[in-house]
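Take the sequences, apply the hints, and build the full model.
Number of protein chains: 2
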Amino acid sequence: MHPYRRIVEDVRRRIESGELRPGDRVPSARALTKEWGVAIATATRAHAALRDEGLTVARPGVGTVVAGPAPRREHELTRERIVATAIDVADRLGLAELTMRRLAAELGAATMSLYRYVPSRDDLIVAMIDKALGEIRLPRRHPGGWRPAIELAARQEWAVFQRHPWLSSSMSITRPQIAPNGLRLSEWVLACFDGTGLDLEERMYVQIVLFTFVRGVANGLEPEAEAVRETGLTNEQWMDTQATTLTEVMDTNRMSHFQQLTEEGFDFGLDLVFEFGLARMLDGLSLFVQARG
Amino acid sequence: MHPYRRIVEDVRRRIESGELRPGDRVPSARALTKEWGVAIATATRAHAALRDEGLTVARPGVGTVVAGPAPRREHELTRERIVATAIDVADRLGLAELTMRRLAAELGAATMSLYRYVPSRDDLIVAMIDKALGEIRLPRRHPGGWRPAIELAARQEWAVFQRHPWLSSSMSITRPQIAPNGLRLSEWVLACFDGTGLDLEERMYVQIVLFTFVRGVANGLEPEAEAVRETGLTNEQWMDTQATTLTEVMDTNRMSHFQQLTEEGFDFGLDLVFEFGLARMLDGLSLFVQARG
DNA sequence: GCTCCTCTGCGTACGGTGTACGTTGGTGTA
DNA sequence: TACACCAACGTACACCGTACGCAGAGGAGC
Chain A
0 MHPYRRIVED VRRRIESGEL RPGDRVPSAR ALTKEWGVAI ATATRAHAAL
50 RDEGLTVARP GVGTVVAGPA PRREHELTRE RIVATAIDVA DRLGLAELTM
100 RRLAAELGAA TMSLYRYVPS RDDLIVAMID KALGEIRLPR RHPGGWRPAI
150 ELAARQEWAV FQRHPWLSSS MSITRPQIAP NGLRLSEWVL ACFDGTGLDL
200 EERMYVQIVL FTFVRGVANG LEPEAEAVRE TGLTNEQWMD TQATTLTEVM
250 DTNRMSHFQQ LTEEGFDFGL DLVFEFGLAR MLDGLSLFVQ ARG
Chain B
0 MHPYRRIVED VRRRIESGEL RPGDRVPSAR ALTKEWGVAI ATATRAHAAL
50 RDEGLTVARP GVGTVVAGPA PRREHELTRE RIVATAIDVA DRLGLAELTM
100 RRLAAELGAA TMSLYRYVPS RDDLIVAMID KALGEIRLPR RHPGGWRPAI
150 ELAARQEWAV FQRHPWLSSS MSITRPQIAP NGLRLSEWVL ACFDGTGLDL
200 EERMYVQIVL FTFVRGVANG LEPEAEAVRE TGLTNEQWMD TQATTLTEVM
250 DTNRMSHFQQ LTEEGFDFGL DLVFEFGLAR MLDGLSLFVQ ARG
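Protein sequences appear in the order of chains A and B.
Residues 0 to 292 in numbering that gives the first Met the number 0 are what the first sequence lists, from first letter to last.
Residues 0 to 292 in numbering that gives the first Met the number 0 are what the second sequence lists, from first letter to last.
Heads up, some of the hints might be wrong.
[Claimed, not checked] Under the rule of at most 20 angstroms between Cα atoms (straight-line distance), these lysine to any residue pairs were calculated in the SDA-like manner:
(1) B:K130 with A:E247
(2) B:K130 with A:N252
(3) B:K130 with A:V248
[Claimed, not checked] Covered stretches of chain A, going by a simulated chain B footprint (3 or more residues, C-beta under 8 angstroms):
(4) 190-203
(5) 208-221
(6) 284-292
[As the list claims (entries may be wrong)] One-sided and incomplete, this derived list gives chain B residues near chain A with beta-carbon spacing under 10 angstroms:
(7) P179
(8) R183
(9) E186
(10) E201
(11) R214
(12) E221
(13) T251
(14) H256
(15) F265
(16) F267
(17) R279
Honestly, the hints are just simulated from the structure, not real lab data.
In this text the structure is predicted, and so the values were computed from the model without any measurement.
For glycine and all other residues, C-beta sits at the position ideal for the given N, C-alpha and C.
Shown next as structure tokens:
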């Protein structure tokens, strides 16, 4: 048996026994020379044989690696892992606290290592946006006509914005970046109107207006979350602290309606604003679709 | 004649001749001792007499100043002037370029001088918001029923957002700060519905939803302006540069509607989005008001 | 065995930010 | 003369994003 064969069989055994799993690195050529006391040419030949048999894959600059879908290694630095962790940090601490240094610390890596996987902080945020939008799950077929369909889309969007308070403001700051999942969403809404009389341009306006509305309401989410983080106060408690300033302004300007409202007590909630606005919006769109149909 | 009297009469003459105007500083006590060769007690007595006669006002730490409404001095550092200049810079360069150092340079002052008049950059921005909202001019009476009235309000808001592209995103980032001019605006919209069946809480929802919509559309303004500043490209030209990425994504995901749309050419404009959305919104609100009336 | 190129990970340093703190030189007043 | 006050400002700090380049490990080919 050729010496390199012995190496191949040994590696195969270690793969089959589960000692080496997909994605793990097989000993490098130089390591094999030491381990088996062979020349590097032999080691290279073993690598080549392993590759020919489909057991391994050579990744230049990385090493020879066991083939197969690599089960994510725990602490491997990865664009995927970076983006996911960034979203987690932003969800917990707010987008302002998401600094490259903090993110690196969270990942247990050095700051500059991140830049191997992400061109800049801005690009990272775009990636975060896309991933967050990817959470939106829409059925393949549109249920029960256009109205329930786009209502479903709006509610899904709203849910994502609630889970990620930083999302809406990020989307308004960045130029409409090419987020594949954003396009997917748009496409779905455009398709809702198949069978109605709306042409594509009209559908596009509907889609933009609807999304703009949802995002607009969601813009109130981040400050709310941040204030709770910072002061530990709920929205209501904070309102109370501002009440004196508020009444002062109201008094000097004779704002009767406002005054009455605060006296009666007004439980303002973004959720209710969303519900109210969505209902009006859909009503308005209904009239438009009817007129075009 | 007592010596201090001579001083008083001299200052009076200089005020009446217009040599000293309201807001100007009368020579300090120490200056008078040198100028007239008198003791400081005499100079102080002169100051007291001037104050008693209502000609001047003593401002501790500043000096004795000619009474009357001070016509704004040209290069005097003032909260008013700081806020106005800040708005100007933000309009021209964008909010991100509005740094305390740049603002100070623009004002011909040292950076830290600004902090005498403004507690922090965030507070400055709140002041800017209020001042910008103050540009909105609404008639005392509401013209022709609630619908034209709130349409007018929405258009005024839209105009302000267009003049100040930074405004909408700033308002979404800061907590609903107590901006007197914002309250004034809200009050006006609330009053639009006098005579309809809407109670105050319902009006409040209408007001918030309408404003949220306008602000939401306006959120697209700043990135647009910034991109033009940065790259010198118009919105359309920029779209072209992204076209390749776009079509790539579209092709791999089979987005037929989107594809067709870009082939036909779609002239997307925030103005048109605003018009379309506003019309739908008002239609939707009409149904609501009718149902309540 | 040697050279060459690639790839990951990372340390250092730069130019920017908001702003805390303390100093300076003038003021009116007791 | 001593005191409290105030506008203006210079310096310094902590923190930010990130350009640049280095070290080390790997495979490929001669």
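Structure-based check of all given hints:
A C-alpha spacing of about 18 angstroms is found between B:K130 and A:E247, which places the hinted pair at or below 20 angstroms, so the restraint holds. For the hint pairing B:K130 with A:N252, the CA-to-CA distance comes to about 16 angstroms; that is within 20 angstroms, so the pair holds. Proximity of B:K130 to A:V248 is assessed by CA-CA distance (about 15 angstroms); at most 20 angstroms being required, the pair is judged to hold. Only residues whose C-beta sits within less than 8 angstroms of a C-beta in chain B count toward coverage, and the segment 190-203 of chain A has 5 of them, enough to reach three; the restraint holds.
A count of 9 residues in the segment 208-221 of chain A with a Cβ less than 8 angstroms from any Cβ of chain B is obtained; the coverage claim is therefore met, three being the minimum. Counting residues of the segment 284-292 of chain A whose CB falls under 8 angstroms from any CB of chain B gives 3; the rule of at least 3 is met. Proximity of B:P179 to chain A holds as hinted, the smallest CB-CB distance being about 5 angstroms (cut-off 10 angstroms). Using the Cβ-Cβ criterion of 10 angstroms, the hint placing B:R183 at the interface with chain A is satisfied: the shortest such distance is roughly 6 angstroms.
A cut of 10 angstroms between beta carbons decides the hint on B:E186: the least distance to chain A is about 4 angstroms, and the hint holds. Annotation: interface hint on B:E201 holds; nearest CB of chain A at approximately 8 angstroms, less than 10 angstroms. Taking 10 angstroms as the C-beta cut-off, the interface hint given for B:R214 holds, the closest approach to chain A being about 6 angstroms. Annotation: interface hint on B:E221 holds; nearest CB of chain A at approximately 7 angstroms, less than 10 angstroms.
Contact between B:T251 and chain A, as hinted, is supported at the beta carbon level, the nearest pair being about 8 angstroms apart and thus within 10 angstroms. With 10 angstroms as the threshold, the beta carbon of B:H256 comes within range of chain A, its nearest partner Cβ sitting at about 4 angstroms, so the hint holds. A cut of 10 angstroms between beta carbons decides the hint on B:F265: the least distance to chain A is about 6 angstroms, and the hint holds. The beta carbon of B:F267 comes within 7 angstroms of a beta carbon in chain A, closer than 10 angstroms, and the hint placing it at the interface holds.
Taking 10 angstroms as the C-beta contact cut-off toward chain A, the hint placing B:R279 at the interface holds, the least distance being around 3 angstroms.
Consistency with the previously given hints is maintained throughout, with no hint failing.
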